[in-house]
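> Given the structure of chain A, go ahead and fit chain B onto it with the hints provided.
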Amino acid sequence: MNSVLKLILDGEALDTAQIGRILGMGPEAVDRELSALRQQGVLLGMRPVLNPGFESEHRVRAVIEIKVRTEGVGGFDAIAERIAAFEQVESCYLMSGGYDLLVVVTADNLYKVAGFVHERLARIDGVQGTSTHFFLRAYKKDGFVVSADGAGRDRPSVSP
Amino acid sequence: MDSSGRFVARHVATLPKSGIRDFFAIVSKMKDAVSLGIGEPDFVTPYHIREAAISSLEKGRTSYTDNRGTQQFREEVSRYVARNYGPEYDPDTEILGTIGVSEALDILLRATLDPGDKVLYHEPCYVSYAPSVALCHAEAIPIRTVSADQFALDPAALRAAWRPGCKLLVLNFPTNPTGGTADRAKLEAIAKFAVEKDLLVASDEIYSELTFEGDHVSIASLPGMRERTVFLHGFSKAFAMTGFRIGYACGPAAVIDGMLKVHQYGIMCAPIMSQEAAVEALRNGRDSMLHMRDKYRERRDFIVRRFNELGLKCHLPRGAFYAFPDITSTGLDSMTFAQKLLEQQKVAMVPGNAFGAAGAGFCRASFSTSYERIHEAGERIARFLDGLPRR
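Going down the list, the protein sequences come from chains A and B.
Each residue of the first sequence is one higher than the last, beginning at 1 in my numbering.
Each residue of the second sequence is one higher than the last, beginning at 1001 in my numbering.
Among these hints, one or two may not hold up.
[To be verified] Anything over 10 angstroms on all C-beta distances counts as not near chain B; from chain A, calculated:
id : residue
1  : L43
2  : P48
3  : L50
4  : E81
5  : A84
6  : Q88
7  : Y93
8  : F134
[Said to hold, decoys possible] Partial list, derived from the structure: chain B residues whose beta carbon lies under 10 angstroms from chain A:
id : residue
9  : A1025
10 : S1035
11 : I1038
12 : N1176
13 : V1350
14 : F1355
15 : Y1371
Since the hints were made in silico from the structure, they are not lab data.
Backbone N, C-alpha and C fix where the C-beta goes; we use that ideal spot for every residue, glycine too.
Extracted from the complex, chain A is given alone in its bound form (with noise of 0.2 angstroms):
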């Protein structure tokens, strides 16, 4: 795997500038190699991973079930890149199993989601059902552990 993304990837709050250093790079050569990682469609984007329990103060999100119909409307990607286009879905995958498409939507509020299953959602010709499911509190976020009991919290700051 490429070094720089290899490092992005281990989760730690690196700059260009750090990185470039950790792996003996200039900061402009891992530009170079996060623009390439970009161009090949790799890169998608980098964005922090925030505290749900501060996040859910601001947002609410959810998840959704849904069951399509394909007969007619132009398959499983005509509809699935049509509700991925909507700003308030965050992702939206083909699933195997009892349902279809999952989606995970975020909204200022409840409501606010309610609205988007109901008169965006539903509305598409080929949506047969939804069925959508609350966060109600996170204990671990794209590799991180939220709980305040983590391990290490008893480790020595210097040891033999």
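Leaving out everything else, chain B in the frame of chain A:
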């Protein structure tokens, strides 16, 4: 006023306290200190190993075990040691489960040393070797290892240090705090000397899986050494299991029997859930171990390069997870360097002389911590060095 000190035995009263303890007391009160003083993996024990311990508890397996450890534990240790180090040990008579290598070494010393016996060991070294020898009323004889030799033990220095009455030689490769290793040629020369002088060898190989350059060779695997070597190993470093406190000793039956006597009266047995977690580590822990080793190697390359860029000459440690930069270019001694660095920039490194006189002029920096912290420590050390008077 507490006058209970009069009850403390003389040889304990005169034993110096570990320099690391004092340092820890200061650092632990500091809020935003960056510590490079941590002598344990920063990884959590791999989940499948934790799960084995959880499963052991769920099944209600909370009893004592055989003093030597469960049959399953000893058989698995026997297979692992034969596969990775060479010598084959009989699980019934030649293997003893212990509370980490610390206990294994302690009971080996107590089982083999008579008052006045002499013990050779190489310095800088882990903090407990000399005190543990002193607690046996025996004499510890340090052999200096040097940076130019990447802190490997020079067989000529060993020969020069030997004196009549030497009974035991303690080896620790890779070495805490220097990351020094010993190649086959050096070990062969050391082995030859041990045979010539009829020395028992205690080989602490706790960091052996974390060897970055070349293959680790155990002295126990060399001709004529199995019968005079006690191989000491554990799970703390390679499998990130420090809190499990589990290790083992493999050696000739009579020595293991002697150790067993001390162990059964003092300890009884290693905790059963730790033994069961250890079995899981030996059976299925290789991938996790290799992953952690790769991470340590990457961080090693960064921290060593950084020290050298900063003008603190640092050799490339060939194993373990410590860099051991030479700080003499600053004009400060190890303790002053570490104290000032901590006071001025809140970076904790352990003064090299905490690991014996041969560590003077060096500091130990653990790279068992995140890139963010290593990077931040590097920036702070750079500021600290800038603030020192020009030489």
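> Determine for every hint whether it applies to the structure shown.
To see whether the hints hold, each was checked on the structure:
1. L43: The claim holds: L43/A sits with its nearest Cβ about 19 angstroms from chain B, beyond 10 angstroms.
2. P48: Given a closest Cβ separation of 14 angstroms, the condition holds.
3. L50: holds, 18 angstroms
4. E81: holds, 37 angstroms
5. A84: holds, 33 angstroms
6. Q88: At roughly 34 angstroms from the nearest Cβ of chain B, Q88/A sits farther out than 10 angstroms, so the non-interface label holds.
7. Y93: Per Cβ check, Y93/A is outside 10 angstroms of chain B; nearest 25 angstroms; holds.
8. F134: Since the minimum Cβ distance to chain B is about 29 angstroms, F134/A lies beyond 10 angstroms and the statement holds.
9. A1025: With a minimum Cβ separation of about 9 angstroms from chain A (threshold 10 angstroms), the hint on A1025/B holds.
10. S1035: holds, 4 angstroms
11. I1038: Hint holds; I1038/B Cβ to chain A Cβ min 6 angstroms, cut 10 angstroms.
12. N1176: Since chain A brings a Cβ to about 8 angstroms from N1176/B, closer than 10 angstroms, the hint holds.
13. V1350: Hint holds; V1350/B Cβ to chain A Cβ min 6 angstroms, cut 10 angstroms.
14. F1355: OK, holds: F1355/B within 10 angstroms of chain A, min 9 angstroms.
15. Y1371: With Cβ-Cβ at 5 angstroms, under 10 angstroms, it holds.
The earlier numbered hints are all upheld by this structure, with none contradicted.
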